[in-house]
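Q: Residues per chain, in single letters:
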Amino acid sequence: MNPILTSLPPYVVLAAAAFLVLGLPRRAGHVAAALATAFVFAQAVLLGDGGTGTHLATRLFGFDVVLFNVDQFSLLMGVVVGFLATAAVLYAYGTEAPKWVTAFALVYVSSTLGTIYAGDWLTLIFFWELMAVTSTLLVWQYGGAAVRAGYRYALFHGIGGTFFLGAVVVHGASMLGSVPAAEIFLFSSTTGIHASATVLAAIGVGVNCGFIFLHTWLPDTYPRPHVAASVFLSVFTTKTAAYVMYRTFPEGGMWLAYLGGFMAVYGAFFALLQYDPRRLLSYHIQAQLGYMLAGFGLATYVGEFAVTGGFAHLFNNVLYKSLLFMAVGVVIYRTGVEDIRDMGGLWREMPVTFLVYVVGAASITAVPGFNGFISKGMVIDSAHEVHNYVLLLDGGLLWWLLILGGVGTFMSFIKLGYYVFFHGSATLSPKDATPFQTVGMLLAGGACVFFGVFYTQLIELMPFTELILSEDVYFKPYSTSHLTESAALLVAGFVGFFALKRPLGWLAHRMRDVDAVTYPAAFYLGRASVWGVTELWAAVDRAVMRLVAAVKRTAMHPRAAVAGLGVDVEIRTGIGRSVLFLTLAAGVALFAFLLG
Amino acid sequence: MTDVLLPLAIAVPIVAATLPIALGLRYDDVGWPIAAVATTAVVGIAAAIAAEVAVGGRLSHALGTYQPPIGIELVADPLSAAVLALIALVSLATLAFSRVAGPRGNPFYSAYLLLVGGLSGMALTGDLFNMFVFLEIVGITTYALIAADRSGASAYASLKYLVVGTVGASLYLVGVGYAFLATGTLNMVDMREQILAQAGYGDPLIQASYALIVAGLALKIALFPVHTWQPDAYQRAPDAVTAVVAALVSTTSAYALIRVTYTVFTVDFLAANDAITTAMLVVSGASILAGSVLAAMQSDLKRMFAYSSVAQFGMIGAAIALANETALLGGIVHLIGHGLLKFGLFLGIGTLALGYGVRRIEDAASAAREAPFTAGAIALLGLGLVGIPPSVGFLGKWYIGVGAVESSMAGAGPAGIGIAAVIFVSTLFTLSYVARLIERFYFAGVGLPGGRADEAAADHGGDPAGGPSDDPAGVVADGGDDSGDGETPAGGAPVAPVAGAPRPSLVPDRVPPASLAVLLVTALVTVALGFAGFALAEWFGPFLTEVFA
Numbered sequence: 004m005n006p007i008l009t010s011l012p013p014y015v016v017l018a019a020a021a022f023l024v025l026g027l028p029r030r031a032g033h034v035a036a037a038l039a040t041a042f043v044f045a046q047a048v049l050l051g052d053g054g055t056g057t058h059l060a061t062r063l064f065g066f067d068v069v070l071f072n073v074d075q076f077s078l079l080m081g082v083v084v085g086f087l088a089t090a091a092v093l094y095a096y097g098t099e100a101p102k103w104v105t106a107f108a109l110v111y112v113s114s115t116l117g118t119i120y121a122g123d124w125l126t127l128i129f130f131w132e133l134m135a136v137t138s139t140l141l142v143w144q145y146g147g148a149a150v151r152a153g154y155r156y157a158l159f160h161g162i163g164g165t166f167f168l169g170a171v172v173v174h175g176a177s178m179l180g181s182v183p184a185a186e187i188f189l190f191s192s193t194t195g196i197h198a199s200a201t202v203l204a205a206i207g208v209g210v211n212c213g214f215i216f217l218h219t220w221l222p223d224t225y226p227r228p229h230v231a232a233s234v235f236l237s238v239f240t241t242k243t244a245a246y247v248m249y250r251t252f253p254e255g256g257m258w259l260a261y262l263g264g265f266m267a268v269y270g271a272f273f274a275l276l277q278y279d280p281r282r283l284l285s286y287h288i289q290a291q292l293g294y295m296l297a298g299f300g301l302a303t304y305v306g307e308f309a310v311t312g313g314f315a316h317l318f319n320n321v322l323y324k325s326l327l328f329m330a331v332g333v334v335i336y337r338t339g340v341e342d343i344r345d346m347g348g349l350w351r352e353m354p355v356t357f358l359v360y361v362v363g364a365a366s367i368t369a370v371p372g373f374n375g376f377i378s379k380g381m382v383i384d385s386a387h388e389v390h391n392y393v394l395l396l397d398g399g400l401l402w403w404l405l406i407l408g409g410v411g412t413f414m415s416f417i418k419l420g421y422y423v424f425f426h427g428s429a430t431l432s433p434k435d436a437t438p439f440q441t442v443g444m445l446l447a448g449g450a451c452v453f454f455g456v457f458y459t460q461l462i463e464l465m466p467f468t469e470l471i472l473s474e475d476v477y478f479k480p481y482s483t484s485h486l487t488e489s490a491a492l493l494v495a496g497f498v499g500f501f502a503l504k505r506p507l508g509w510l511a512h513r514m515r516d517v518d519a520v521t522y523p524a525a526f527y528l529g530r531a532s533v534w535g536v537t538e539l540w541a542a543v544d545r546a547v548m549r550l551v552a553a554v555k556r557t558a559m560h561p562r563a564a565v566a567g568l569g570v571d572v573e574i575r576t577g578i579g580r581s582v583l584f585l586t587l588a589a590g591v592a593l594f595a596f597l598l599g
Numbered sequence: 004m005t006d007v008l009l010p011l012a013i014a015v016p017i018v019a020a021t022l023p024i025a026l027g028l029r030y031d032d033v034g035w036p037i038a039a040v041a042t043t044a045v046v047g048i049a050a051a052i053a054a055e056v057a058v059g060g061r062l063s064h065a066l067g068t069y070q071p072p073i074g075i076e077l078v079a080d081p082l083s084a085a086v087l088a089l090i091a092l093v094s095l096a097t098l099a100f101s102r103v104a105g106p107r108g109n110p111f112y113s114a115y116l117l118l119v120g121g122l123s124g125m126a127l128t129g130d131l132f133n134m135f136v137f138l139e140i141v142g143i144t145t146y147a148l149i150a151a152d153r154s155g156a157s158a159y160a161s162l163k164y165l166v167v168g169t170v171g172a173s174l175y176l177v178g179v180g181y182a183f184l185a186t187g188t189l190n191m192v193d194m195r196e197q198i199l200a201q202a203g204y205g206d207p208l209i210q211a212s213y214a215l216i217v218a219g220l221a222l223k224i225a226l227f228p229v230h231t232w233q234p235d236a237y238q239r240a241p242d243a244v245t246a247v248v249a250a251l252v253s254t255t256s257a258y259a260l261i262r263v264t265y266t267v268f269t270v271d272f273l274a275a276n277d278a279i280t281t282a283m284l285v286v287s288g289a290s291i292l293a294g295s296v297l298a299a300m301q302s303d304l305k306r307m308f309a310y311s312s313v314a315q316f317g318m319i320g321a322a323i324a325l326a327n328e329t330a331l332l333g334g335i336v337h338l339i340g341h342g343l344l345k346f347g348l349f350l351g352i353g354t355l356a357l358g359y360g361v362r363r364i365e366d367a368a369s370a371a372r373e374a375p376f377t378a379g380a381i382a383l384l385g386l387g388l389v390g391i392p393p394s395v396g397f398l399g400k401w402y403i404g405v406g407a408v409e410s411s412m413a414g415a416g417p418a419g420i421g422i423a424a425v426i427f428v429s430t431l432f433t434l435s436y437v438a439r440l441i442e443r444f445y446f447a448g449v450g451l452p453g454g455r456a457d458e459a460a461a462d463h464g465g466d467p468a469g470g471p472s473d474d475p476a477g478v479v480a481d482g483g484d485d486s487g488d489g490e491t492p493a494g495g496a497p498v499a500p501v502a503g504a505p506r507p508s509l510v511p512d513r514v515p516p517a518s519l520a521v522l523l524v525t526a527l528v529t530v531a532l533g534f535a536g537f538a539l540a541e542w543f544g545p546f547l548t549e550v551f552a
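Protein sequence lines correspond, in order, to chains A and B. The opening position of the first sequence corresponds to residue 4 in our numbering, with each subsequent residue numbered one higher. The opening position of the second sequence corresponds to residue 4 in our numbering, with each subsequent residue numbered one higher.
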């Protein structure tokens, strides 16, 4: 293995490229950026051939850290992040993204890679917090409405990061004694995070994963910045969070699986109610994360098959979700409209974009022949083995949740496609995608189709490849039952959308997400606590000052104070009393010294 | 071994004390020049003695034709040389202030020189009865000096001191008498040997003797609860007298206690009599606490620092009773350092009173704006008194505290830790009253129409001592604020110079330049000595080695 590959962490390359983007002319800078991201991809691919291991292991502040941890999981993340980042850089170049957007995006991808390649909890939490900072900068760069949304985003991720930091500290403290003190933070010392830090870690990572009630930053933030920035944002934070969730809980847990199931339904349902295309897609991020977490959650109950399904879905999701953001981004870029009811009939005007959208939508809705079909099928198959709370058709609650989420996904992408590309005649006549946008989209879209058809290639990239491809596991994506299932979902989606179009439209104007309650609550809670602390401090201050004044008054005018108690005496010592004191003192001294 | 310098240090001021009276029959105002010449001579003699002690160690001189132990012996060792140097320097420096502040007249300077002679005698004598004589000389001249401005209050303070001081000195004399009964000698070094040879440390006569000597000297030092003469005396005496008395009289009495305790009765006596050291520690601790609390309660500046002396001498008393080398070094350093600090503080207060009529803490608003150098020096000395390094005030307290903790560590019971805790509490109280003063100086009265240019127009009827300046032009025209005649805050009006206050050319302070110079030098010396911890330890090393041998 070439030592350069193992000693040069990709995040350093990307951080350097970010400075090049700022320093060089726009075209040269983007070339440098694309080369850097392509290097990340190539490095991950090459390291897959026997390059695994803990590279750059060193010691910081007395703790062993691994700055470049290469294993099956981090490699698959490296491959897809590098690939997609390259496509996104090309797309950003074609979308007239300012230099600062690309530079911030590269630093953001760099911190993402740092998180991915971390081999210990300290390195992980460092890059995790850095990721929150850099992504906030990427949002803020756009100005306008993105600033306030970015501020809320920063608050969410600051709180989540603090929870996760607390989890790491608790983990380290709990590990003391069981392993040498220097090794308490290493991944290799344990399986996942210590049990005592479970709740803290779940909340901390859960913010980034978009757990229900912790997800409102997602649809709040991602529709607001530059369309190219949205492409970057939509894939890295959440998918890295899913990856970290697996690192944290490699043995999964049914709580995680059911949470994933409910996220799939919740996200798909709220996506159905949206008219801002990027907001709609943002809710789908939550829904798709639900499938991944369902897969990871079944790690113990079902086994490696479910984990592989989760990772395959993660991998595919990076490709098609960014593809969808790219396609929608092109429409917004060309029309300037951010409400799908104001669009329509664009399939004639923008055939390339339409085609790309269809590929992305087919992938996310798991149409046979596209990559989502493979991975979502694996997760749903895993869920089918769970027979708790069995409902209809021999399917458990989890399975039904995922199926329901699938139907909702179909419905909302039919809705999105219908409103944007059909829906009456074209009132707008924009141009189609720019060449570089097209290149970026073709890269991502091509990968979607490629892995849908040559699905064994997908499995080759995954962990546990031999197990999945062996005879022990039933893995036939294109079996009749899967095709039937997919067709049923498709039909249900079409029927559901056109049957429920009117009630959903009615609901869309009335149904608000939890942020309608949580944001004002947080605001007034914050204001009340500031007021409370200020007033409490003022009260303490007043009380202390009054006490001090009373003490001072008594001390300054002791005779008046004593007189207040009804005793009027001369306190000052005159000559007679002085002599008395002296005599007494001498007497006491004699007494003490002689008898002592 | 005879050394004529030792009797000279006593004889020069005492003989010179006759001159103002004698020459005053023919000339007016000869007192100050005579006093200046005589004290300058004493400074020279003290320097020579210190140099000889530094080179040759202990000096001694037999007075008259009788040899010790029958005759009277004068002795100088590092401790007495240091105290003599302090006496000489302070008495010379005070003259710079008394020339402008008074009291005036030839009899005052006669008494002043007599006081200096008495103090030198106390520092140098090697004879217990002779020490009583000098103690009385010091006492009587102090009574006279306190009443030197002939006001009713000072007469009362003087009378009070006279009565209790005489009783205290008598107690000392009775104590010496008991010791003489037991040993048949009055020479200090001889008595040390005779106590062992004839009586022993458990002899009731010896114990009673020490008890009476301690009680008598405690009164002269002004330890709680026999301090009652001291605040009145310091407050009511003329400012120049307060400066010299506060710096020297109690200090020399404390020196006498160290001398009697360690040279005559010795460490072994203290070790053999636990009850004695315990009682002294209790009294010292009470003195530290009571003095600090009472000082924090005062509004009159001189009375405040008078009570502060009660606390500081409590620390020195504790250092004596701890009978521990570090603590005793701390006690001696604090003895000298506190003398300098108090001299500077009372000099500064007197100077400020002379220029601005400031007597009480409330009157001192914005003093730092009007008199930056005077106020700055007082603040510096005050912080030294608190014990903020680098200052000699820190060194003394530090050594005493360390010695106290050491003695507890060495198994001498919890008293040492108690003393250390009491010193800490006292430091907080000291900080509280010094901070009050600094707050007055630097922050009170801000925003008032305080510039002197404004005062020509505005009426300062509220200021009892100052009153409006008759200076229409104004020296510091930029002193006026643009806030106009705003509401007067609780801080009161800023200080204003009294009519006819001096107008030095170099500084904005409206105070006598000579006393300001002395004040600044004193403040700087206390800070410089703060860096001299090792030098001081080395200087007093021979004495400590001798008494702890």
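Certain hints may be false.
Partial list, computed: chain B residues near chain A (C-beta under 8 Å) [what the hints assert, rightly or not]:
hint : residue
1    : 166
2    : 167
3    : 171
4    : 172
5    : 176
6    : 210
7    : 218
8    : 228
9    : 232
10   : 269
11   : 270
12   : 273
Pairwise CB distance ranges (calculated) [stated by the list, open to error]:
hint : chain 1 : residue 1 : chain 2 : residue 2 : range
13   : A       : 571       : B       : 534       : 44 to 54 Å
14   : A       : 597       : B       : 153       : 15 to 25 Å
15   : B       : 187       : A       : 563       : 24 to 34 Å
16   : B       : 551       : A       : 577       : 51 to 61 Å
17   : A       : 542       : B       : 365       : 50 to 60 Å
18   : A       : 556       : B       : 549       : 50 to 60 Å
19   : B       : 285       : A       : 550       : 28 to 38 Å
20   : A       : 563       : B       : 30        : 22 to 32 Å
21   : B       : 196       : A       : 550       : 32 to 42 Å
22   : A       : 533       : B       : 365       : 30 to 40 Å
23   : A       : 553       : B       : 196       : 24 to 34 Å
24   : B       : 162       : A       : 570       : 51 to 61 Å
Because the hints were derived from the structure by calculation, they are not lab data. All C-beta atoms in this analysis are idealised placements derived from N, C-alpha and C, irrespective of residue type, glycine included.
Q: Hint by hint, say whether it matches the structure.
A: Structure-based check of all given hints:
At its closest, the beta carbon of residue 166 (chain B) sits 5 Å from a beta carbon of chain A; the interface hint therefore holds under the 8 Å criterion. Taking 8 Å as the C-beta contact cut-off toward chain A, the hint placing residue 167 (chain B) at the interface holds, the least distance being around 5 Å. About 6 Å separates the beta-carbon of residue 171 (chain B) from the nearest beta-carbon of chain A, less than 8 Å, and the hint is met. A distance limit of 8 Å between C-beta atoms decides the matter here; for residue 172 (chain B) the minimum to chain A is near 11 Å, and the interface restraint is violated.
The interface hint given for residue 176 (chain B) is violated, since its Cβ lies 12 Å from the closest Cβ of chain A, which is over the 8 Å cut-off. Among the interface hints, the one on residue 210 (chain B) holds; its C-beta lies about 5 Å from the nearest C-beta in chain A, closer than the 8 Å criterion. The beta carbon of residue 218 (chain B) comes within 4 Å of a beta carbon in chain A, closer than 8 Å, and the hint placing it at the interface holds. Hint status for residue 228 (chain B): holds, given a least beta-carbon distance of 5 Å to chain A, under 8 Å.
At its closest, the beta carbon of residue 232 (chain B) sits 6 Å from a beta carbon of chain A; the interface hint therefore holds under the 8 Å criterion. With 8 Å as the threshold, the beta carbon of residue 269 (chain B) stays out of range of chain A, its nearest partner Cβ sitting at about 16 Å, so the hint is violated. Given the 8 Å rule on beta carbons, the hint for residue 270 (chain B) is violated: about 17 Å separates it from the nearest Cβ of chain A. Annotation: interface hint on residue 273 (chain B) violated; nearest CB of chain A at approximately 11 Å, more than 8 Å.
The beta-carbon spacing between residue 571 (chain A) and residue 534 (chain B), approximately 53 Å, falls within the hinted interval of 44 to 54 Å. At roughly 45 Å, the beta-carbon separation of residue 597 (chain A) and residue 153 (chain B) lies outside the given 15 to 25 Å, and the hint is violated. In this structure, residue 187 (chain B) and residue 563 (chain A) break the distance hint of 24 to 34 Å, their C-beta atoms being roughly 57 Å apart. Between residue 551 (chain B) and residue 577 (chain A) the C-beta distance comes to about 43 Å, which lies outside the given range of 51 to 61 Å.
Against the hinted window of 50 to 60 Å, the Cβ-Cβ separation of residue 542 (chain A) and residue 365 (chain B) comes to about 30 Å, which falls outside the hint. Remark: the range hint 50 to 60 Å for residue 556 (chain A) to residue 549 (chain B) is upheld by a beta-carbon distance near 52 Å. Between residue 285 (chain B) and residue 550 (chain A) the beta carbon distance is about 31 Å. The supplied range of 28 to 38 Å therefore holds. Hint check: residue 563 (chain A) to residue 30 (chain B), Cβ distance near 53 Å, so the stated range 22 to 32 Å is violated.
Distance hint check for residue 196 (chain B) and residue 550 (chain A): the Cβ-Cβ separation is about 59 Å, which falls outside the suggested range of 32 to 42 Å. Our hint of 30 to 40 Å for residue 533 (chain A) and residue 365 (chain B) holds, since their Cβ atoms are close to 39 Å apart. About 60 Å separates the C-beta atoms of residue 553 (chain A) and residue 196 (chain B), a value inconsistent with the hinted range of 24 to 34 Å. In this structure, residue 162 (chain B) and residue 570 (chain A) break the distance hint of 51 to 61 Å, their C-beta atoms being roughly 28 Å apart.
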